[in-house]
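Each protein sequence line maps, in turn, to chains U and C.
Going by UniProt numbering, the first sequence opens with residue 1, and the numbers climb by one from there.
Going by UniProt numbering, the second sequence opens with residue 1, and the numbers climb by one from there.
Derived by calculation from the structure, the hints in this document are not laboratory data.
Here the structure is a predicted model, which means the values were calculated and not measured.
Incorrect hints may have been included.
[Stated by the list, open to error] In silico DSSO-like links for lysine-lysine, alpha-carbon gap of 30 Å or less:
no.: 1; chain 1: C; residue 1: Lys238; chain 2: U; residue 2: Lys138
no.: 2; chain 1: U; residue 1: Lys13; chain 2: C; residue 2: Lys105
no.: 3; chain 1: C; residue 1: Lys198; chain 2: C; residue 2: Lys302
no.: 4; chain 1: C; residue 1: Lys103; chain 2: U; residue 2: Lys13
no.: 5; chain 1: C; residue 1: Lys65; chain 2: U; residue 2: Lys10
no.: 6; chain 1: U; residue 1: Lys138; chain 2: C; residue 2: Lys67
no.: 7; chain 1: C; residue 1: Lys105; chain 2: U; residue 2: Lys10
no.: 8; chain 1: C; residue 1: Lys200; chain 2: C; residue 2: Lys214
no.: 9; chain 1: C; residue 1: Lys218; chain 2: U; residue 2: Lys132
no.: 10; chain 1: C; residue 1: Lys291; chain 2: C; residue 2: Lys302
no.: 11; chain 1: U; residue 1: Lys37; chain 2: C; residue 2: Lys27
no.: 12; chain 1: U; residue 1: Lys13; chain 2: C; residue 2: Lys27
no.: 13; chain 1: U; residue 1: Lys13; chain 2: C; residue 2: Lys65
no.: 14; chain 1: C; residue 1: Lys214; chain 2: U; residue 2: Lys13
no.: 15; chain 1: C; residue 1: Lys214; chain 2: C; residue 2: Lys302
no.: 16; chain 1: C; residue 1: Lys216; chain 2: C; residue 2: Lys103
no.: 17; chain 1: C; residue 1: Lys265; chain 2: U; residue 2: Lys10
no.: 18; chain 1: C; residue 1: Lys302; chain 2: C; residue 2: Lys200
no.: 19; chain 1: C; residue 1: Lys238; chain 2: U; residue 2: Lys10
no.: 20; chain 1: U; residue 1: Lys72; chain 2: U; residue 2: Lys37
no.: 21; chain 1: C; residue 1: Lys299; chain 2: C; residue 2: Lys198
no.: 22; chain 1: C; residue 1: Lys216; chain 2: C; residue 2: Lys202
no.: 23; chain 1: U; residue 1: Lys132; chain 2: C; residue 2: Lys65
no.: 24; chain 1: C; residue 1: Lys238; chain 2: C; residue 2: Lys291
no.: 25; chain 1: U; residue 1: Lys10; chain 2: C; residue 2: Lys67
no.: 26; chain 1: C; residue 1: Lys82; chain 2: C; residue 2: Lys199
no.: 27; chain 1: C; residue 1: Lys103; chain 2: C; residue 2: Lys199
no.: 28; chain 1: U; residue 1: Lys10; chain 2: C; residue 2: Lys214
no.: 29; chain 1: C; residue 1: Lys198; chain 2: U; residue 2: Lys10
no.: 30; chain 1: C; residue 1: Lys65; chain 2: U; residue 2: Lys138
no.: 31; chain 1: U; residue 1: Lys13; chain 2: C; residue 2: Lys265
no.: 32; chain 1: U; residue 1: Lys10; chain 2: C; residue 2: Lys103
no.: 33; chain 1: C; residue 1: Lys82; chain 2: C; residue 2: Lys105
no.: 34; chain 1: C; residue 1: Lys82; chain 2: C; residue 2: Lys67
no.: 35; chain 1: C; residue 1: Lys82; chain 2: C; residue 2: Lys291
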Amino acid sequence: MGFGSNRILKELKQFQASDSLQLIPSDDISVQYVDMKVGNNPLYPETYRLRFIIEDDYPFAPPQVQFVGPNKIPIHPHIYSNGHICLNILYDGWSPANSLRTVSLSVQSMLSGNTDGSRPEGDHQYCKSAPKNPLHSKWVFDDDSI
Amino acid sequence: MASFGDPLDSITDPSDWAQTEYPNFSKLDSLLRCHICKDFLKAPVLTSCDHIFCSVCIRRSLDLKNKCPLCSEETFESNLRKVLLLDEISTWFLRNRPDLLDKHKPNSQPAPVVAPTAPVEPEKPKEPIRYESRKKRTADEALVECPVCSTFMSADELQTSHIDTCLSKKAKPAPTRPTISNFFKKERTPQTQPDFVKKKSKISNLDPTISTSKLKEKLNHWNLPTTGTRHQMNTRMKEFINMYNANLDSVNPVDDRVLTNRLLKWEGTYSLEATSKDDDQEGSQWRKKYKSEYEDLIKQAKANMKRITTNKDTE
Chain U
1 MGFGSNRILK ELKQFQASDS LQLIPSDDIS VQYVDMKVGN NPLYPETYRL RFIIEDDYPF
61 APPQVQFVGP NKIPIHPHIY SNGHICLNIL YDGWSPANSL RTVSLSVQSM LSGNTDGSRP
121 EGDHQYCKSA PKNPLHSKWV FDDDSI
Chain C
1 MASFGDPLDS ITDPSDWAQT EYPNFSKLDS LLRCHICKDF LKAPVLTSCD HIFCSVCIRR
61 SLDLKNKCPL CSEETFESNL RKVLLLDEIS TWFLRNRPDL LDKHKPNSQP APVVAPTAPV
121 EPEKPKEPIR YESRKKRTAD EALVECPVCS TFMSADELQT SHIDTCLSKK AKPAPTRPTI
181 SNFFKKERTP QTQPDFVKKK SKISNLDPTI STSKLKEKLN HWNLPTTGTR HQMNTRMKEF
241 INMYNANLDS VNPVDDRVLT NRLLKWEGTY SLEATSKDDD QEGSQWRKKY KSEYEDLIKQ
301 AKANMKRITT NKDTE
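Put together the whole structure using the sequences plus the hints.
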């Protein structure tokens, strides 16, 4: 990782630990984990873990972002049970001005504002055929309301 | 966190100011950073939507998507405008940052508290007294300028004593008032790039349909290696164009050979899907080929360093 690694180091330093977002120490700079809590929403009482896989072209291309175990995958109409998240800033809407922290905040606010305790339509179907890397899925962003 | 504990220490961050006596500096520190690389702005440019990034960062970003990373408005490379003043400010801050941090370190041992009863000499600044007497004088009589050394004084003083001494010293000119021309000789005009930049123009973006032989020609033209796959050459040429064009946006641009050097360093750390063996070979060949030029550059750099330090001393 040329350009990206220096930038990741900066981000790690900048990632001020708050109560609700916690950067998990990692030995591999290109794989980072963030533990997330969502306050004030009874749908999400637990701590959820986001995984970021940072590739060479980061920050010009988005990192791979998804929820991972052993924690539970939060139930949300835009989060598939395999952990993939349907959120445009993670794919087409990515901007190099985003960071691990801003992405985590976006996902967090997506959870905290949600009242719909269901999985996306076709969740089962998607998880059966989905590529491992969420960046390789074809996403359609049609619902701005949630 | 242990594995990169060390590199993290060398990373500068606005939070470095939190522990100082002036934590507000962290705001300035973060304002002077590029939103793409999170580092201090280098050769900053302004987009048509009024956002500022490092020239090379926004060029790399626009290679992939013609959108501003901050506001997503459509943005084109051709609309980027350099902001030399900001380059100077950012460079100044970066240079003085370690010193500023050091000066604002919270005192580990309490500062020597000067007892108010200590025999403090009444402040007796030398300059103001002279200034006052001069000021008084201006009130009574008009000042005239010495035709030799351009110093202002009373007509009386000029005629009775000054003019003779001044003329006798003429061979060894007395320290004159700093004139505008003196000022500019010492330092380059602010917000101005060196002359050699004006002769250069930006390289136009790489046509993705360019033939491989044309691409090799282009690489050769800029003294870049033509090794590797088509994809590698493409990436190399693109990155060189970005670096070259960004260099022309800098208030302190570097020689093309320095850029080539940086490009190779960048290639070394950035995997262009080449095997490490290839890289090694390329590297050693490259080093052999440009040995003398490297040596020249090192000599130049050393000379520059010397000049800078002596300049600093005389200032």
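Results of checking the hints against the structure:
1. Lys238(C) <-> Lys138(U): Within the cut-off at roughly 28 Å; holds.
2. Lys13(U) <-> Lys105(C): Distance of about 20 Å is within 30 Å: holds.
3. Lys198(C) <-> Lys302(C): Judged against 30 Å, a Cα distance of about 26 Å means the pair holds.
4. Lys103(C) <-> Lys13(U): holds (23 Å)
5. Lys65(C) <-> Lys10(U): Distance ~24 Å between lysine 65(C) and lysine 10(U) Cα, so the pair holds.
6. Lys138(U) <-> Lys67(C): holds (21 Å)
7. Lys105(C) <-> Lys10(U): It holds: about 22 Å lies between the C-alpha atoms, which stays within 30 Å.
8. Lys200(C) <-> Lys214(C): holds (22 Å)
9. Lys218(C) <-> Lys132(U): Violated, at about 39 Å.
10. Lys291(C) <-> Lys302(C): Holds. Lysine 291(C) to lysine 302(C) sits at ~17 Å (cutoff 30 Å).
11. Lys37(U) <-> Lys27(C): Holds, at roughly 28 Å.
12. Lys13(U) <-> Lys27(C): Holds, at roughly 16 Å.
13. Lys13(U) <-> Lys65(C): holds (28 Å)
14. Lys214(C) <-> Lys13(U): Between lysine 214(C) and lysine 13(U) the Cα gap is close to 44 Å, so the pair fails against 30 Å, i.e. violated.
15. Lys214(C) <-> Lys302(C): With Cα atoms ~38 Å apart, lysine 214(C) and lysine 302(C) exceed 30 Å; violated.
16. Lys216(C) <-> Lys103(C): Given that 30 Å is the threshold and the Cα spacing comes to 52 Å, the pair is violated.
17. Lys265(C) <-> Lys10(U): holds (20 Å)
18. Lys302(C) <-> Lys200(C): holds (26 Å)
19. Lys238(C) <-> Lys10(U): holds (26 Å)
20. Lys72(U) <-> Lys37(U): holds (12 Å)
21. Lys299(C) <-> Lys198(C): holds (26 Å)
22. Lys216(C) <-> Lys202(C): Distance of about 19 Å is within 30 Å: holds.
23. Lys132(U) <-> Lys65(C): Holds. Lysine 132(U) to lysine 65(C) sits at ~25 Å (cutoff 30 Å).
24. Lys238(C) <-> Lys291(C): holds (25 Å)
25. Lys10(U) <-> Lys67(C): Between lysine 10(U) and lysine 67(C) the Cα gap is close to 24 Å, so the pair holds against 30 Å.
26. Lys82(C) <-> Lys199(C): holds (17 Å)
27. Lys103(C) <-> Lys199(C): Given pair lysine 103(C), lysine 199(C) is violated - Cα atoms ~42 Å apart, limit 30 Å.
28. Lys10(U) <-> Lys214(C): violated (39 Å)
29. Lys198(C) <-> Lys10(U): Violated, at about 35 Å.
30. Lys65(C) <-> Lys138(U): Holds, at roughly 18 Å.
31. Lys13(U) <-> Lys265(C): Measuring from Cα to Cα gives roughly 25 Å; hence the hint holds.
32. Lys10(U) <-> Lys103(C): Within the cut-off at roughly 24 Å; holds.
33. Lys82(C) <-> Lys105(C): Roughly 35 Å separates the two Cα atoms, so the pair is violated.
34. Lys82(C) <-> Lys67(C): holds (18 Å)
35. Lys82(C) <-> Lys291(C): violated (34 Å)
The structure fails hints 9, 14, 15, 16, 27, 28, 29, 33 and 35 (numbered hints given earlier, in ascending order).
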